[in-house]
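Protein chains in written order, with the working numbering: chain A, 1 to 149; chain B, 1 to 277.
Hints in this document: simulated from the structure, not taken from any laboratory. Warning: the hint list may mix true and false statements.
[Claimed, not checked] So the derived label-pair ranges between C-beta atoms look like this:
(1) D124(B) with L108(A): 33 to 39 Å
(2) N127(B) with V111(A): 37 to 43 Å
(3) V70(B) with R115(A): 54 to 60 Å
(4) I37(A) with G190(B): 23 to 29 Å
(5) T166(B) with G25(A): 32 to 38 Å
(6) R256(B) with R103(A): 23 to 29 Å
(7) R115(A) with K37(B): 24 to 30 Å
(8) T24(A) with G199(B): 37 to 43 Å
(9) T24(A) with K248(B): 31 to 37 Å
(10) R115(A) with N127(B): 40 to 46 Å
[Claimed, not checked] Derived contacts from chain B toward chain A, CB cut-off under 10 Å, selection only:
(11) I7
(12) V219
(13) K223
Quick caveat, the model's predicted, so the values are computed rather than measured. Even glycine gets a Cβ: it sits at the ideal position worked out from N, Cα and C.
These are the residues of each chain, in order.
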Amino acid sequence: MGKSKSDRNKDKFQMAVVYLTEYTGVRGAVVADGEGIVIATSGQASFDAEKFAAFAIAVKTAIEGPLGRIANPSLEHLSIKTGRDWITVAQSSEAFLIVAADRRADDLLNVRISRSLEMISSYFKERYPLIIPRERAGKSTKKLEEVHV
Amino acid sequence: MIESVEIDDRIEKCERILEADPQSQIFAALADAFRKKGDVQKAYEICMQGLRIHPDYASARIVMAKIHLVKGNYEAAWGELEKAIANGGRTRAIDMLEAEILIRRGRKHEANLIIRNLLATDPDDENVKNLISLMEDETIVGGKSDEDMTSLVALKPEKDRGRDLTLTNAINMLKVMPRVLGILAVGPDGLVLDGRFEGAIHKEEFAALSKGIFDAIKVASEKLHFGTGREVLIETQSSKIWLFAAHKYLLVVHARDDVSLGALRLKIHDLFSDVVI
Numbered sequence: 001m002g003k004s005k006s007d008r009n010k011d012k013f014q015m016a017v018v019y020l021t022e023y024t025g026v027r028g029a030v031v032a033d034g035e036g037i038v039i040a041t042s043g044q045a046s047f048d049a050e051k052f053a054a055f056a057i058a059v060k061t062a063i064e065g066p067l068g069r070i071a072n073p074s075l076e077h078l079s080i081k082t083g084r085d086w087i088t089v090a091q092s093s094e095a096f097l098i099v100a101a102d103r104r105a106d107d108l109l110n111v112r113i114s115r116s117l118e119m120i121s122s123y124f125k126e127r128y129p130l131i132i133p134r135e136r137a138g139k140s141t142k143k144l145e146e147v148h149v
Numbered sequence: 001m002i003e004s005v006e007i008d009d010r011i012e013k014c015e016r017i018l019e020a021d022p023q024s025q026i027f028a029a030l031a032d033a034f035r036k037k038g039d040v041q042k043a044y045e046i047c048m049q050g051l052r053i054h055p056d057y058a059s060a061r062i063v064m065a066k067i068h069l070v071k072g073n074y075e076a077a078w079g080e081l082e083k084a085i086a087n088g089g090r091t092r093a094i095d096m097l098e099a100e101i102l103i104r105r106g107r108k109h110e111a112n113l114i115i116r117n118l119l120a121t122d123p124d125d126e127n128v129k130n131l132i133s134l135m136e137d138e139t140i141v142g143g144k145s146d147e148d149m150t151s152l153v154a155l156k157p158e159k160d161r162g163r164d165l166t167l168t169n170a171i172n173m174l175k176v177m178p179r180v181l182g183i184l185a186v187g188p189d190g191l192v193l194d195g196r197f198e199g200a201i202h203k204e205e206f207a208a209l210s211k212g213i214f215d216a217i218k219v220a221s222e223k224l225h226f227g228t229g230r231e232v233l234i235e236t237q238s239s240k241i242w243l244f245a246a247h248k249y250l251l252v253v254h255a256r257d258d259v260s261l262g263a264l265r266l267k268i269h270d271l272f273s274d275v276v277i
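Full structure from sequences and hints, please.
In structure tokens:
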């Protein structure tokens, strides 16, 4: 008996977060939708995915106004370091990737975060091409007319 | 003599183009040729007239800054330089012109910081060597020694640099890093304590909004018991904004999106770890 479609979809997001939590110093990772609903999560037993997803939405909402006045309003990557933690909120297609790590974790974690984002993004593009705005879908996106010429 | 003939030839060509098209941006080259020839007043008139049509033309602003420099109008030269940076960004030529204006205005310490960075990227640059000579000449003519200059021209080892850094010096040194658009030290009230900034937005507004962003993140972090935010890096499609909570101020670093974050982090640590205000 094969896996259902929704299970297979979940597995792809799950792969992205597990790939991150394999890295030394990572406490947990979450993929959440634009409203903070957890899609996939991986991490230590004490890692509260709901809390981090809510944090990502709260921060994005709080800063997008002032950010729009001083820079491009479309937040791509936010990295916060506290005395103990290093929290990354990255936006990919219609989802958020939130990673909680030890503050002292290696900077190369950013490479893994980028790869995970690519996994999430490519899955979104493949599965939901119509809901991704053109500018976010990448510079190589062509209009239909261009494709047919 | 040959140079003079070349300049006359250039003037003739530029005048011909400008006559055919009075809207052409060639006026900047024409004005610069007159400046080089020594006819500063003519250069000024041509450049001023052209800037009325093309006020955002950065190259013309640079020419105008050079004209003011020759005329001894250092404040006006500085104003033109700022407009050039705002319209066309920072280049090595602009850094050199800025250093020269600073020397002429007697701000040799700041000039030296820029020269150090120019030397670091190209130690054999004759133009930079000329700036050092100019600084030495100015010191002798001025009749008084500039302590900062003496200590800095000696090019002290990097490791010793932080110990005598003021906030202003640290900001100036960080500002000359490639792709850094602005640095601000922002007080607890959101007001600018010090900074160097370029761009369309006013530094006061940038400072207040950056402080607002940092505080919003801090509140959200504390609410969910993530601890107090010390450092925030925001990356957008066009730029990066890095916020560091220091003891008495928030350090705001605005950079282009292609800045090297690793090099920037090292430099910030190197410059600001010993700064006391």
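Which constraints among the numbered hints does this structure fail? Numbers only, ascending. Numbers 4, 7, 11 - these are the hints that the structure violates, sorted from lowest upward.
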